[in-house]
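4 protein chains.
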Amino acid sequence: MSTGGEQRKIGLIGLGLMGRPMGMNLLKAGYSLTVWNRTPSRADELVAAGATLAKTPREVGAACDVLITMVSDPPALESVLWGQDGQKDGALDGLKTGSIYIDSSTVSPALVKKIATACQGRGIRFLDAPVTGGDWGAREGNLVFMIGGDAETLREVEPILKVMGKKLFHLGPNGAGQTIKLAMNAILALQVGAVAEAIGLVTKAGLAGEQLLEVLQASMARSGLIDLKAPLMLKGDYKPSFPLRLMHKDLGLALDLGNQLGVALPTTAAAREVYSYVKGEAKEDLDYSGVMRFWKK
Amino acid sequence: MSTGGEQRKIGLIGLGLMGRPMGMNLLKAGYSLTVWNRTPSRADELVAAGATLAKTPREVGAACDVLITMVSDPPALESVLWGQDGQKDGALDGLKTGSIYIDSSTVSPALVKKIATACQGRGIRFLDAPVTGGDWGAREGNLVFMIGGDAETLREVEPILKVMGKKLFHLGPNGAGQTIKLAMNAILALQVGAVAEAIGLVTKAGLAGEQLLEVLQASMARSGLIDLKAPLMLKGDYKPSFPLRLMHKDLGLALDLGNQLGVALPTTAAAREVYSYVKGEAKEDLDYSGVMRFWKK
Amino acid sequence: MSTGGEQRKIGLIGLGLMGRPMGMNLLKAGYSLTVWNRTPSRADELVAAGATLAKTPREVGAACDVLITMVSDPPALESVLWGQDGQKDGALDGLKTGSIYIDSSTVSPALVKKIATACQGRGIRFLDAPVTGGDWGAREGNLVFMIGGDAETLREVEPILKVMGKKLFHLGPNGAGQTIKLAMNAILALQVGAVAEAIGLVTKAGLAGEQLLEVLQASMARSGLIDLKAPLMLKGDYKPSFPLRLMHKDLGLALDLGNQLGVALPTTAAAREVYSYVKGEAKEDLDYSGVMRFWKK
Amino acid sequence: MSTGGEQRKIGLIGLGLMGRPMGMNLLKAGYSLTVWNRTPSRADELVAAGATLAKTPREVGAACDVLITMVSDPPALESVLWGQDGQKDGALDGLKTGSIYIDSSTVSPALVKKIATACQGRGIRFLDAPVTGGDWGAREGNLVFMIGGDAETLREVEPILKVMGKKLFHLGPNGAGQTIKLAMNAILALQVGAVAEAIGLVTKAGLAGEQLLEVLQASMARSGLIDLKAPLMLKGDYKPSFPLRLMHKDLGLALDLGNQLGVALPTTAAAREVYSYVKGEAKEDLDYSGVMRFWKK
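Protein chains in written order, with the working numbering: chain A, 950 to 1246; chain B, 950 to 1246; chain C, 950 to 1246; chain D, 950 to 1246.
Everything labelled a hint here was simulated from the structure, so no lab data went into it.
Do not take every clue at face value.
Which copy is meant is left open, because identical chains are indistinguishable; a pair holds if it fits in one copy or across any two.
Dumping the calculated DSBU-like pairs for lysine-lysine here, alpha-carbon to alpha-carbon at most 35 Å [stated by the list, open to error]:
(1) K1188 to K1153
(2) K1062 to K1115
(3) K1232 to K1188
(4) K1184 to K1037
(5) K1184 to K1232
(6) K1111 to K1246
(7) K1116 to K1153
Note that the structure is a prediction, hence the values are computed from the model and not measured.
Could you build all of it, start to finish, from the sequences and the hints given here?
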């Protein structure tokens, strides 16, 4: 699968549902890969496939030309970048001048700007490049990247990103990628939440959710997302593809952004509380389509 | 265009954005058509094409074997069916025993049940059969019918409905059509509202709505509806295809149903107030995608 | 208890939690009283105290100079005023020219206007005069009346209303009473709902609701309503004083009014769905402070 | 004014609308006071009255036995406690072992816990003690303190707190003060927001807000807060007593807490977006009663 000509050394921090298959695709493409994860056992599969496991985020930074992070939330990202409690073991402490850092986590545009400033001070080129496409997209190398930052830097890492995703959208300066990502996830959460609410309504009225779905699939509102999620919602099958707790977090980040800017987002705010309710009641990890549980216990 | 063999006499009440093209398709298919509209001039085009204009809803009822109503809201429907102030000029007063009555307006399941009871008492067979597809679907004979009522009755009028729409969904007893329709419209309103909210967010963050749309169209959330409405929202072109005031009314009917049944619909409720805000501020008639105005004045 | 000088014959329709004690106070003040209720047994206590039980609303109308209605919702009021299915047994059919009709139910301003028109056509003077104060206020003759209609008419019935309430607010033409009433009830529902939400929050954070209440009672947000309801909410004692299903209905009427006028009421709309949720889950009749159940099951 | 017997040296950081009068009361009570503020000119009045102006938060920490902070939000508090960019000029760097630190800002319980841990590591005793009562309460020494932390520590500083407030509520361990404070502010914001929404409704219906207020003041929903704010809302007088941007921030903190805990707060979430809307539209600084502007421009 490897073409042999690849020379950039890549670092990858964050080996969850998304990070692992992204790393696997990088290895398959012939890149040398150094990885780190808070729970080291998550690296086993990648190490077996040829990746090197570092002891700290700093070691990953020092070992690579291009660092990619893919962690679950802003505090996790701050911790891998700046280290814990002044221990100087953060990835930013390791990265060399002239290296490139790509964050694919979903975090706040405010944190992106803080990172951009820190990188600028150290001569590191930085892109915010969150993704959409779920774990399936990560496995298939079919992610969509939403990118903020310098066009020249993007050109340099394009071959690397193309290993993981087919579509790269360059959307503006640092922060633009995250802003569009948060808006996109609000749309996804509301599209799924709307179907859940509608199923809740027709079911209580004595009809079968399947009947609504049949009509929905013949309508202009049909989307790939609805085709994917609605049947699972009718079955009550909420095996996490994109976990509800992360979607809930992203809705919070979208609302934080809206509230900083003074943009009212009444519908997103209402939906977030429904996701919060389900998160609070659920014992196990659910896909975000599990928002259905607010209506169908 | 007519096949000649059609014999059923059809009555059509309500000649708005939807009713006129529906009537035109019935005429083209060779049906004899008697029509009525509160503002009689709206019938001109149909009369020129061969329809007979009645003086009262009752006259329409008396002149037809199959009555179709397509009016804007529950009070309008009550008024055409039962007449004004005990004047006995309502359509139900005219309909013959054995005739069939199809309501394609969007009204409450509660009103559907009241109509069903009234029809049963007079030996009239009744279907609730609201549609989706907009004025474009009405012109192209490409509506989707959501139908509640007796299967045998539906079989009888199927050739008539097929003149106006390609897809007929038989969803259950009387009320089922309206229930699914209200749930569908809540989904449409929330899908468009979510895109508006997201455009509002990214725009205030300094990005162009077009960038969001580009990513959206590469995502699983893409739908025919978004492809149709979002570009118009970016342009601020709100020429009514499905008027905001009617979508706002339908959201109210969906919430009425939910509240009768004790199903909480928090997101629909939030969205309805945004539509209400825009309705209250707008001077002119807007398409429901004009909900965008809450963010972009 | 009677002062002897009272001569007006009063009719009272609707003998629920509010109507019964209102009737009792009218009897105690020496008025002659004719009553009707859908469930006749609810009249027993009043009949034992001297009231006459009529067979139909029309009979009540015919027997009185001043009619008072106190029923639960708009359909109930329409039914007692216009009768069932054209049977001509409604109260309006019985009322004499020159009589006065006072509606103390909480209904929509739209229905008030329909009633006002009907009364005007029959030479009946009409006041909309909904109340606040709960069943306790009704028993103590301590209701607050919010009144819309003609000042002269109000002057005439003031002695009667003063038997039931200490405070009469004349707020404008017909509809003004109901409009203010709906706004008032939205405030009550939100004030109680806010306390419930806050108790839900601090409880989940591991603190006792009593601690919040202690601070609340030392704050400027303290109100008689909070002093009354919050301790019951902490105990989970939801014996109906003002039933949740009626508050839920009133929130719906307030939202209907807002949506007709194009006034967005986002907070009221959110609260209504919480009340709806609890109404849908509850097996028994609850006070509206039972909205607490959304958080504390 | 001083009683002479006071010996504790007090530090005060944050000299805004609240901090200045709190400091003045401490000086009047005879305490020696060292102060710091980001904008030093805000200290002029206190310095004229005898306070010492420090150059850094660290200097304040080093100069006092009891430190009080009263800043506007969590980032401001983090910055004064831990200093800017590793400069070691934060207050925590200055505080002596055995000293007491009281935070009266409104921040997140999460930050409170982080501070508690940091203090514990340095032998500093810490209380979270946010206040309610507004700038008026601060001037009159009439604040209400909501306190989390150790009872013994509280006993020690009680004389100091009593100079600024009459009521001290000890509510539990660290974090309890902030949790109750956030719940309280959500109640205040919703109580005022509900009145605004109701005024918006009756006004659009053609009535005067004064009429609603008259009835409201005769009702059980009457509160000191409504008596204070509603007349100003009717006049459109939004001179900041408690600024809207701070109330908006506190609603965000309450929602953050709810969402961390998985407690749905649908009404608070709806209200927050209304406050956000007004914040986004306003050119000047408004009192939080300026939420009225969503309806009355």
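task: Have a look at K1188 and K1153 and pick one of within, between, both or neither, based on CA distance no larger than 35 Å.
output: Both, since 24 Å and 27 Å are each at most 35 Å.
- prompt: Using 35 Å as the alpha-carbon threshold, which applies to K1062 and K1115: within, between, both, or neither?
  reply: within (26 Å within a copy, 44 Å between copies)
message: My question is about K1116 and K1153: at a cut-off of 35 Å on alpha-carbon distance, are they close within one copy, between copies, both, or neither?
response: Intra 41 Å, inter 25 Å, cutoff 35 Å: inter-copy only.
message: For K1232 and K1188, with the copy left unspecified, which applies at a CA distance of at most 35 Å: within, between, both, or neither?
response: both (13 Å within a copy, 33 Å between copies)
query: Which holds for K1184 with K1037 at a C-alpha limit of 35 Å: within a copy, between copies, both or neither?
result: neither (49 Å within a copy, 50 Å between copies)
task: Measure nothing new, just compare the shortest in-copy and cross-copy C-alpha distances for K1184 and K1232 to 35 Å and report within, between, both or neither.
output: For K1184 and K1232, the Cα distance is within 35 Å both inside one copy (19 Å) and across copies (27 Å).
query: Between copies, within a copy, both or neither: which fits K1111 and K1246 at Cα up to 35 Å?
result: neither (41 Å within a copy, 39 Å between copies)
When each numbered hint is compared with the structure, violations occur for hints 4 and 6.
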